[in-house]
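Colleague: Based on the hints, put chains B and C in the right spot on chain A.
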Amino acid sequence: MNKRTEIRLAGEGGQGMILAGIILAEAAAIYDGKQATQTQSYGPEARGGASRAEVVISDDEIDHPEVLSADVVLALSQEAYKKFAKTIHAGGLLIIDADRVEVPADFAGVKVPVARIAQETTGKAITANTVALGLLVGLTGVVSRDAIEKAVTARAPKGTEEMNRKALQAGFEAAEQVKALTV
Amino acid sequence: MSEHILSVHDLDVNEGQIPREDWFESSDTLQHLRKNKRFPTIWCSGCGIGVVMGSLIRAIESLGLENNNVALVAGIGCTARMPVYMDYNTLHTTHGRALAFATGLKIARPDMKIIAIMGDGDAMAIGGNHFIHAARRNIGITALVVNNSIYGMTGGQQSPTTPLDMRATTAPYGNIEPPFPICDLASAAGATYVARSTVYHPLELDKYLAQAISNDGFSLVEAVSYCHTTYGRINKLGSAADMMRVLKENSISKSAYDKLSDEEREFNTKTVRGVLHTKKRPEYTKVYGTLVDRVHEEAIKPRNYGGH
Amino acid sequence: MTIKLMQGNEAIAMGSLAAGCRFYAGYPITPSTEVAEIMSRELPRVGGKFIQMEDEIASMAAIIGGSVGGLKSMTATSGPGFSLMQENIGYAAMAEIPCVVVNVQRLGPSTGQPTAASQGDVMQARWGTHGDHQIIVLSPISVAQSFELAVKAFNFSEKYRTPVILLTDEIIGHMREPIELPDFDTVEKVERVVTDSPADYKAFRNEPGDVPPMASFGLGYRYHITGLFHDEVGFPTQRLDEIDPWLERVNRKIENNTDDILLYQKDYQPGARTAILSYGATARTARHAMKQLRAKGQKVSLFTAQTLWPFPEKAVEELADSVERIIVPEMNMGQLALEVERMAGRKKVVRVNRANGEMVTPDMILEAAEN
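Residue numbers (the working numbering), protein chains in the order written: chain A, 1 to 183; chain B, 1 to 308; chain C, 1 to 371.
If we strip away everything but chain A, and leave its shape as in the complex, we get:
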């Protein structure tokens, strides 16, 4: 069971967090041959407000399908941070959008301006979720880079594959920069 990784992706409705969760689960299950479950919150939250997707990835059969104690939390909005930062276990990885989330001085997670990188790389803020996936995979290695790239391009609307590949790459690069700083 120690091979089980629990990830929570949270943001505002419309930021594509649920799609990011689906893509991450597909990368694991279809392209990396692992087990994965993806769940999400519905309701008013899906029409704006905080939206979250949960992904559990494991080498073995997954039993309880929801996140019990997150290994990774990605929070792209202040509300998402407020709501879900505390669901992470000690030693877990918390990733926030540096421009959009205000954190206390003793914040120990990773701060990356995800939306700004998306805007600068592709000119489209909507690719922030792809940048975030690149960042998350680059930092955790929970799925292979090859798998996440395949999953992203398979899900990208026709004609936007290259743009999404660039966004993903930008996420990978941001991860490398973070790692270089912490080493």
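Bear in mind the hints are in silico, worked out from the structure with no lab data behind them. All figures in this text were calculated on a predicted structure; none of them were measured in a lab. Using N, Cα and C, we set each Cβ at its ideal position, and we do this for glycine too. Check before you lean on any hint, since a few could be wrong.
[Stated by the list, open to error] Cβ-Cβ distance ranges computed for the label pairs, FRET-style: (1) A/S69 with C/N356: 15 to 21 Å; (2) B/K35 with C/T111: 35 to 41 Å; (3) C/Q238 with B/S45: 17 to 23 Å.
Modeller: Same frame as chain A, but now just chains B and C:
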């Protein structure tokens, strides 16, 4: 029965009692009744529903339809017991839902002639929503509503077609609710054939039912009847024959109605008999059929989802 | 074979298509709507029919009508809609019309919480319609099993001429998991076969096999179907010598075939004093807890039911004989636990309940097991 009606059954006024074994063979109409069903019917003697049953059989027969290709779908109530006696595919469903069952059956078998048989409570109260939506879709079903203005089977409670001020066991001081005009409702909701007559005028019912069944879309035939054992008794309206006479006297053909002056029409209280509404509009299962063709034409091949 | 990531609701739609479902009538309701959306898209492609009805009462009526007309038929709904369908589910049981009703359980009563999970309809699935009747209720624990049980549901409904309830929940219905879809042509399907001539045909014959063959309308059989008590040819009856044999037969046709109908898995450990019995999404949590307990060295047996009704009485009785107590976690206030208690004799039944829309957690089961 009048000589006229007897002649429709090929019966002679002087024929007297027909031996039971020859009963089904005694007329063309009776041959479409079920020979293995226990008779007589559950209806009170003098009830108008049997007249409607005769009309329905004659209408189906006049169209030369195969009995195998006809399905009668009924709800609950006196009228809804009609199909059990008749030798077609017969589905006696739940209260108010005949049209919803019939909708599924018509979709499964668009080639079959489907007739939904309901009373006024069945079609207008508990089944009112299904009634307007079946009409809206213009699905190829004939709705036959026998309107006797009362819940007969449960003993004379007010229905959505009980006239104002008339009494019922649940309206002991007189009905305060305006009745539903069934034909107007069907026309407004989208039915493409709407006709009305009474059980005093079975030849009209024969004709209207045949036309309704031939119509490619949702048809309504309202057969105005009476219930002498509940409504008639409670409101002191006399015997079945008395109530039958009222149907004759208090109804007017559409052609006669059309000749009335505007003022006369305004004050008309008689039931108008005739084809009250027709419209050309595509039938639901045919439209769905073209949708299926279109989906195929768009080269979306039928999928075998699994496999390689 | 290709692996796809799919929601439970989507897998139900796929399983239904694979089983030969060709008619869907339904009304939109969260959290079941995906089934309707997929069927509206896919049925025309395979020559099937879809209709969105005016309400759930009409939906249930329409699928019975469609089944009578010869199409394998289904609807999908959730709590409020399932309540509305109850009368006509009873009609299908009375008239022995095959059909499949999917209930993706959400938190109730009433409108409750449309997007929150629940297992609150377990008793309603069994006893929701009035009067004594038999019914088959299946509950999947995964996306892959959603597909498999959808196929089973159609096959049971045709084989035993009965409505079958596929009782899933918001968790399994909306969760995405990998699934390998089989080639639909290789999926085992039960089809209607009538060999009697129309003259000899009795739609409700009391025969040794207990399930008389069903003739669809329009094939020359011209018989009567009613929700009233009826004789062998379908005519209404009040005769006790016709009612009693009918009652006995429709009970027998389910009770005598439990070897076929009862689906469950046993993962027993010799010497275990504690067992966990569960179903649906909660079975995933139970398995999680079971592995944690075993990792800590505690012996524990696990019983996972897919067939909830008829209740697997004998198997649960045997389980109770082999342990000291049975823990029954459920996303309700204790429904299937009532049946477990009925079979457990003097053995202890420990209920672990959560009825607020959230899943039971492994810790809740561990706490019960470690006390």
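Colleague: All hints, please: hold or fail.
Modeller: How the hints compare with the structure:
In this structure, A/S69 and C/N356 meet the distance hint of 15 to 21 Å, their C-beta atoms being roughly 20 Å apart. Checking the proposed 35 to 41 Å range against B/K35 and C/T111 shows it is violated: the Cβ atoms sit about 52 Å from each other. For the pair C/Q238 and B/S45, the supplied restraint of 17 to 23 Å holds, since their beta-carbon distance comes to about 20 Å.
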